[in-house]
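S.K.: This is what each chain is made of:
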Amino acid sequence: MALTFRHLFRSFITTQYPEKRLSTSRRIRGQQFVWRSDLCTGCATCAKSCPHGIIQITTSTNGDNRYVVDNIEFDTGRCMFCGLCVEACPYNALYMGRSYEQARYSRKLLWADMETLMDPANQVSAYGHPELEWRIPRQSLLVYGQISQEMVDEEND
Amino acid sequence: MELEAQPFVINFGPSHPSTHGVFRLRTILDGEVIVDVEPIFGYLHRGIEKLAEGRTYVQNIPFTDRLDYLASMTANHGYVLAVEKLAGIEVPERAEYLRVIMSELMRISSHLMAVGFLTNELGAMMTPLLYMYREREKILDLFEMVCGQRLTYNYMRFGGVSHDIPREFLPAVKKFVREMPGFIDEYDQLLKENEIVLARTKGVGILPADVAINYSVSGPMLRASGVKWDIRKDDPYSVYDRFDFDIPTGSAGDIYDRYRQRIEEMRQSVRILEQAIEQIPPGEVCTKVPSLLRPPKGEVFARIEAPKGELGYYLVSDGSIAPYRFRVRPPALINLGVLRYMSRGWKIGDLIAIFGSVDICVAEVDR
Amino acid sequence: MSVWEYIVDLFVNVRTDWIEWLQGFNLASSLIILLDSLIGIILMLIFVFPIVIIFIWLERRFIAWMQLRPGPNRCGPFGLLQPIADAIKTLIKELIMPAKGDKLVHWLAPVVLFFSGLMLFAVIPIGKGHLGALADLNIGILYIVAIGSLSVTAIFMAGWSSNNKYALLGAMRAVAQLVSYEVPMVLSIVGVVLIVGSLQMSEIVGQQSYPFILVQPLGCFIYFIGAMAELNRSPMDQIEAESELTTGYFTEYSGMKFATFFLGEYISTLAIATIVTTLFLGGWKGPFLPVWFWFVFKVFAVFLVILWMRATLIRVRIDQIMAFSWKFLLPMALINIFITAAEVLIWDKWMSGWESFPWPFIFVNWAIAVVLILLWSKIFFKLGGGRVEVGEVRPGYSQGYGADLQAPVS
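Chains as they are written, first to last, in numbering that gives the first Met the number 0: chain A, 0 to 156; chain B, 0 to 366; chain C, 0 to 409.
Be aware that one or more of the hints could be misleading.
[Claimed, not checked] Straight line, CA to CA, 27 Å or less: simulated DSS-like cross-link-like pairs of lysine-lysine: (1) B:Lys49 to B:Lys201; (2) A:Lys47 to B:Lys296; (3) C:Lys92 to C:Lys164; (4) A:Lys47 to B:Lys287; (5) B:Lys201 to C:Lys92; (6) B:Lys49 to A:Lys47; (7) B:Lys227 to B:Lys49; (8) B:Lys84 to A:Lys47; (9) B:Lys191 to C:Lys326.
The hints are simulated quantities; they were obtained by calculation from the structure and are not laboratory data. All values reported here derive from a predicted model rather than from experimental measurement.
With the hints as constraints, model all of the structure from the sequences given.
M.R.: So this is what it looks like as structure tokens:
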């Protein structure tokens with residue numbers, strides 16, 4: 000009973016979510032995908048690597064013998080965000096997003112079509128792309144807070 | 000006049016506060032005393048074993064996360080070991096150390112949950128559970144830092160792990176390892192010296208060693224009964240043979256011993272973590288493995304010491320890109336078999352406590 | 000009379016003025032009594048309901064603080080409006096009636112529980128003199144004991160009429176537990192009655208120039224534990240036992256019926272807290288501040304201890320809880336009566352000057368309480384109500400089952 004009494008005077012560990020947000024991991028596999036049309040060659044490796052087969056990609060050949068992606072769609076309602084498609088992409092054209100507020104009222108709204116995938120407002124996560132990591136704010140841990148730069152430097156020297 | 004007495008059948012579940020998911024305990028009662036108990040499961044069956052036969056080896060890694068969602072890393076680890084054994088893949092040393100660090104963190108997290116839910120089922124008003132959650136939160140934050148998810152990690156790959164750790168990971172683990180023994184002592188004190196806890200758990204739900212072996216019980220439950228059997232020591236996989244740690248064992252095999260067993264194992268895990276972060280070498284984290292892996296024909300069984308017991312994977316390969324047979328030996332299901340033996344003759348409150356001390360995860364039981 | 004003096008004993012003064020004002024009309028005396036009790040009831044409800052609402056809020060906040068989280072804090076300042084929001088939510092929910100349940104009893108049970116809790120307040124004094132309580136009966140304590148045990152009926156009605164196995168088990172446990180805890184509870188009050196020499200509540204408070212917990216530590220301890228069992232609060236919440244019986248006897252209740260049960264339980268908690276305050280903590284007595292402030296302050300102190308226990312301790316098993324009552328609390332209560340009776344005799348004969356503060360008795364009684372509790376815990380283990388020590392394993396705990404696994408089970 001003394002233990003609970005002592006805990007009465009410790010500070011809370013939860014945060015009030017909508018007002019206060021912790022920054023997520025740099026590598027978070029968030030609930031959206033970011034696709035870059037300029038890098039994609041339409042090889043469909045992502046579609047092959049998906050365990051659920053939720054990636055639909057339609058391509059056609061143009062004059063100079065290259066694939067053109069006509070349509071690419073993700074059924075994020077069935078996605079389990081394993082990140083295998085992002086790892087599989089050989090041309091770095093596919094990224095996970097950092098958003099985690101993708102709740103929708105209807106399952107149909109979870110279909111991510113081409114416009115959604117190319118939306119400039121999407122935030123790119125560094126999952127599978129370690130070269131992006133320095134650009135993304137550092138993760139704040141719930142209990143420890145931020146791991147300070149000094150500690151990191153001390154450790155890695 | 001003699002009245003006819005009927006057995007009082009009561010179904011705990013499928014939706015009940017203390018069944019850890021959808022799970023049913025069909026119990027025959029005589030007043031408060033349990034005459035018979037029969038676990039009925041299958042409400043969470045997703046057919047993972049069958050699904051796996053239609054997918055490539057790599058695509059099955061995310062499915063192993065969904066077996067025991069409180070210990071996904073170890074589930075990954077077991078499957079990856081099985082495929083590596085089948086295909087003969089070498090693993091870089093740094094990756095082995097990373098796997099050990101992740102598995103031990105996972106073990107601490109899973110045991111924290113087990114102890115927390117046990118106290119909850121004994122009737123504490125969520126307080127110990129929430130303290131455990133706070134400790135677990137630190138571990139989940141670490142996992143999120145490494146692999147981007149907090150529950151379904153999908154971190155291990157054939158020939159290593161998917162990512163190297165970020166620069167701030169090791170300092171955070173060091174901080175965690177420094178603080179954890181103090182926290183374990185603190186929470187242990189909340190329960191160890193509490194007379195009501197002792198009265199509720201000592202001598203209740205006894206599982207003798209020979210019965211435990213006959214039922215092929217494994218993990219903390221087996222060790223709490225006094226059998227010194229830990230795959231990390233007895234059949235070392237990964238780099239567990241390089242660490243110096245003890246295997247604690249209980250003596251009586253009652254609920255209290257199972258609880259003590261988990262606390263002691265957390266201490267040993269912290270010891271392994273201390274050594275692992277000292278020894279971890281630099282280098283590659285993953286060897287190059289073709290994405291469409293075609294292992295040679297054959298079959299393999301690999302087992303690891305998961306937090307809940309001996310987790311085994313049996314794979315049959317026919318030389319194609321997908322396994323011909325994918326079979327999991329779930330520790331929770333097999334540990335559950337002994338529930339009837341342990342709980343007959345005890346009261347309803349004891350049944351729930353014994354059930355909590357088995358520490359099952361319904362997703363793993365049903366698969 | 001200055002404003003401050005009026006506020007100091009607000010409850011009594013309002014009532015006195017009201018009666019004087021009524022007497023100006025030359026009404027029949029029976030009508031005056033009726034109108035007087037009317038204002039008394041209104042004042043009582045004004046006192047009870049805000050405190051109950053604060054209790055519901057405080058319970059969630061206080062336990063949340065112990066669990067390192069802020070608790071409900073969205074509705075109103077500090078989440079104070081949360082109970083009201085909950086009440087509105089339960090009001091607009093559907094009332095579900097089990098198909099094969101007993102409709103009338105099912106409907107009546109929450110009402111009985113609610114009013115059995117509320118009726119207890121009639122004899123609790125919140126102010127000086129006879130007008131301090133709504134009805135200052137000369138058998139006040141007897142009234143409390145009688146009405147307090149009504150809640151068993153309500154709980155059994157709820158459990159029986161729900162036609163649900165969980166509810167029935169909860170109700171069975173309730174009857175067994177509440178009836179057996181009634182005995183030590185009543186016996187522990189006897190000590191106080193012996194010292195005071197009266198069953199009247201106002202008399203009991205009037206004679207407490209020092210809180211009776213000082214001379215009756217054992218009685219207070221037994222009464223408090225008995226009350227926890229009576230209120231079915233953790234660690235004695237066998238009746239609800241969330242992890243075992245979902246919610247026990249009110250598993251089948253929903254909507255406003257559930258809310259009535261919920262409210263009834265908090266009213267009983269408040270009632271028990273006020274009784275503990277009145278009997279053992281000196282009631283409304285206290286220096287400088289208004290009497291009702293001291294009363295509420297003490298009630299909240301008792302309530303916080305209840306909450307603290309709830310946040311920390313785990314549930315006791317049903318057979319242990321019964322053993323605790325019959326093998327531990329009952330003998331202690333009897334011993335307490337003997338000691339108190341002897342002390343009252345000594346007091347009357349030789350120690351006429353000590354009434355104001357009998358420190359030898361305080362010292363002796365605390366020593367006896369500590370020694371008895373320690374000693375009896377040892378005997379309690381021998382008697383077999385405590386835990387099973389490892390080594391002397393009892394295989395067939397309740398002869399017949401479990402010992403032989405091969406035995407067929409019908």
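S.K.: I'd like to know which numbered hints this structure contradicts. Please list them from smallest to largest.
M.R.: Violated hints: 1, 5, 7; rest satisfied.
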